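**Q** So the sequence lines, in the order shown, correspond to chains A and B. So for the first sequence, this note's numbering puts the first residue at 1; every next one is plus one. So for the second sequence, this note's numbering puts the first residue at 1; every next one is plus one.
Since the hints were made in silico from the structure, they are not lab data. A couple of the hints might just be wrong.
Stated by the list, open to error - Mimicking EDC-like on lysine to aspartate or glutamate, the simulated pairs with C-alpha atoms at most 20 Å apart in a straight line are:
(1) B/Lys68 x A/Glu18
(2) B/Lys242 x A/Glu90
(3) A/Lys173 x B/Asp244
(4) B/Lys242 x A/Glu47
(5) A/Lys173 x B/Glu11
(6) A/Lys56 x A/Asp26
(7) B/Lys186 x A/Glu48
(8) B/Lys68 x A/Asp52
(9) B/Lys186 x A/Asp52
(10) B/Lys186 x A/Glu47
(11) B/Lys186 x A/Glu90
(12) B/Lys68 x A/Glu47
(13) B/Lys242 x A/Glu48
(14) B/Lys186 x A/Asp85
(15) B/Lys242 x A/Asp85
(16) B/Lys242 x A/Asp42
(17) B/Lys68 x A/Glu48
(18) B/Lys242 x A/Asp52
(19) A/Lys56 x B/Asp244
(20) A/Lys56 x B/Glu51
(21) B/Lys68 x A/Asp26
(22) A/Lys173 x B/Glu51
Since the structure is predicted, the reported quantities are computational estimates derived from the model, not experimental observations.
The lines below spell out each chain.
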Amino acid sequence: MIGPDDSKLIAQVAQGNERAFLAIYDRYASRVHGLTLHILGDPMLAEEATQDTFLKLWSRARQYLAEQGPLLPWLLTIARRVALDRLRLEARRPMLSDTNDPDDAWQILPDSESMSEESRWRSLYFAVQALHPDQRKVINLAYYQGLSQSEIAEVLGWPLGTVKTRLRTAMEKLREDWNNK
Amino acid sequence: MPDVDHTPFIENIPAYAIGALDSGDVSALESHLTTCASCRTELAEYRTLSESMLTAVPPKQPSAALRKRLQSRLPGAQKTSGSQVTWSFSRLALGLAVIALLVLNLLSFAQLRQVQSQQARLLKQVENAQVALAMLSSPNIQTVLISGENVSGTILLDKDRNQALLIVGDIPALADDQIYQIWLVKPDGGRDSAGWFRPESGQSYTTKTISSTQTFSNYLGLGVTVEPAGGSDAPTGQRIFKVDF
Chain A
1 MIGPDDSKLI
11 AQVAQGNERA
21 FLAIYDRYAS
31 RVHGLTLHIL
41 GDPMLAEEAT
51 QDTFLKLWSR
61 ARQYLAEQGP
71 LLPWLLTIAR
81 RVALDRLRLE
91 ARRPMLSDTN
101 DPDDAWQILP
111 DSESMSEESR
121 WRSLYFAVQA
131 LHPDQRKVIN
141 LAYYQGLSQS
151 EIAEVLGWPL
161 GTVKTRLRTA
171 MEKLREDWNN
181 K
Chain B
1 MPDVDHTPFI
11 ENIPAYAIGA
21 LDSGDVSALE
31 SHLTTCASCR
41 TELAEYRTLS
51 ESMLTAVPPK
61 QPSAALRKRL
71 QSRLPGAQKT
81 SGSQVTWSFS
91 RLALGLAVIA
101 LLVLNLLSFA
111 QLRQVQSQQA
121 RLLKQVENAQ
131 VALAMLSSPN
141 IQTVLISGEN
151 VSGTILLDKD
161 RNQALLIVGD
171 IPALADDQIY
181 QIWLVKPDGG
191 RDSAGWFRPE
201 SGQSYTTKTI
211 SSTQTFSNYL
221 GLGVTVEPAG
231 GSDAPTGQRI
241 FKVDF
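The task is simple: from the sequences and hints, build the whole structure.
**A** Spelled out as structure tokens, the structure:
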């Protein structure tokens, strides 16, 4: 249901339609802002990154190809890149602790079987939370903080081999969970 | 294809899929991927997972002000053509400047007769308004709209002449020991102070010429924060607004 509507809206955005742009914003602003806040950990910086993401959506709408996938992952890919760029620009130290509260994190998303995609994303979130803390730490630093394995080893003071093993094991576990949903 | 030990490559695929593989290992893996279909399949699965991980983050609603800011910053929106937008911005800026000039001049005549200390301040305001008018005569004037929660206004920016003028309306009053400090945003995220001001009591608009030792082209934008009287070396207080050039 969401896909076709998104395709129509983004095509209108490519024509400079502000109303369509705002419809997409209203639909996905919380998802984009959730990601930028997760990466940056600072509400003000996150809001700037969210703003930059939607301005890029406005200027790059013509580059979106529906056949290559849904709009939301494309938009979130832009958001992640913007947030990681900002993270490097601010030269911020990586966040080593989890700041999300899983009990209220998904309250605004419907827990409905009809929303199967939402349900899968929610499951993946909890799969990440269910990782061993050391594995989750590596995943957060690599994926949500943009660090390489060597950089993670340096930040955490772990041997590089340990980082590689924990990252690989965590990713294998997440893939298994994702494929079993 | 000769037998290849896939183990070191397969082990690196998860890290590669999420962009965490060290650069020294990337080229070897990418070279292997060009000849190994099974590793490409493996990578495709991890890339799907990687993409899904973008959505596996709790949603968080941004402030309502962000939606308004975005609306005001969409270039070439369908409601108006690009040239009309530029023209209307110029008209708005001109209107604001003329109103500010008239208000400032009228008040100046009345207040100049009262106290000498006020005279200096009002003359500065007139000078600002004159700067505004002079800037508006420039063909390359850039107007940047300010839209914050408690403030609105315009920045007139002439990068050719390295001049800028801030015009803000209805900016909240400050305690006696506070000022509004102007910051120019550098590409590396740093901030350079570009002066400070206090709201002009009894007037709808406050104007302030913005000074910089460097060309404005070296900066990405401008922001204003509340700082202790005398100013700060770097922003420490509440941000009132920030705009990009």
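**Q** If you draw a straight line from the CA of A/Lys173 to the CA of B/Glu51, is it 20 Å or shorter?
**A** Roughly 16 Å separates the two Cα atoms, so the pair holds.
**Q** Taken at face value, is the distance from the CA of B/Glu11 to the CA of A/Lys173 at most 20 Å?
**A** It holds: about 14 Å lies between the C-alpha atoms, which stays within 20 Å.
**Q** Run the distance test for B/Lys68 versus A/Asp26: straight-line Cα separation, threshold 20 Å.
**A** 12 Å, holds
**Q** Does A/Glu47 lie within 20 Å of B/Lys242 when you go C-alpha to C-alpha?
**A** Cα-Cα ~12 Å, so holds.
**Q** Taking 20 Å as the top limit, are the C-alpha atoms of B/Lys68 and A/Glu18 close enough?
**A** OK: B/Lys68 and A/Glu18 at ~12 Å, within 20 Å.
**Q** Below or equal to 20 Å on CA atoms is what counts here, so check B/Lys186 against A/Glu90.
**A** 11 Å, holds
**Q** Does A/Asp85 lie within 20 Å of B/Lys242 when you go C-alpha to C-alpha?
**A** Measuring from Cα to Cα gives roughly 19 Å; hence the hint holds.
**Q** Is the hinted pair B/Lys186 and A/Asp52 satisfied, with a Cα-Cα distance of at most 20 Å?
**A** 17 Å, holds
**Q** Does A/Asp52 sit within 20 Å of B/Lys242, going by the straight-line distance between their CA atoms?
**A** 13 Å, holds
**Q** For the pair we were handed, A/Lys56 and B/Glu51, check the Cα-Cα distance against 20 Å.
**A** This hinted pair holds, its Cα atoms lying about 19 Å apart.
**Q** Given the hinted pair B/Lys68 and A/Glu48, is their Cα-Cα distance within 20 Å?
**A** Measuring from Cα to Cα gives roughly 13 Å; hence the hint holds.
**Q** Next pair to validate is B/Lys186 with A/Glu47; report whether the Cα-Cα distance is within 20 Å.
**A** Between B/Lys186 and A/Glu47 the Cα gap is close to 19 Å, so the pair holds against 20 Å.
Checked against the numbered hints above, the structure breaks only hint 3 and satisfies the rest.
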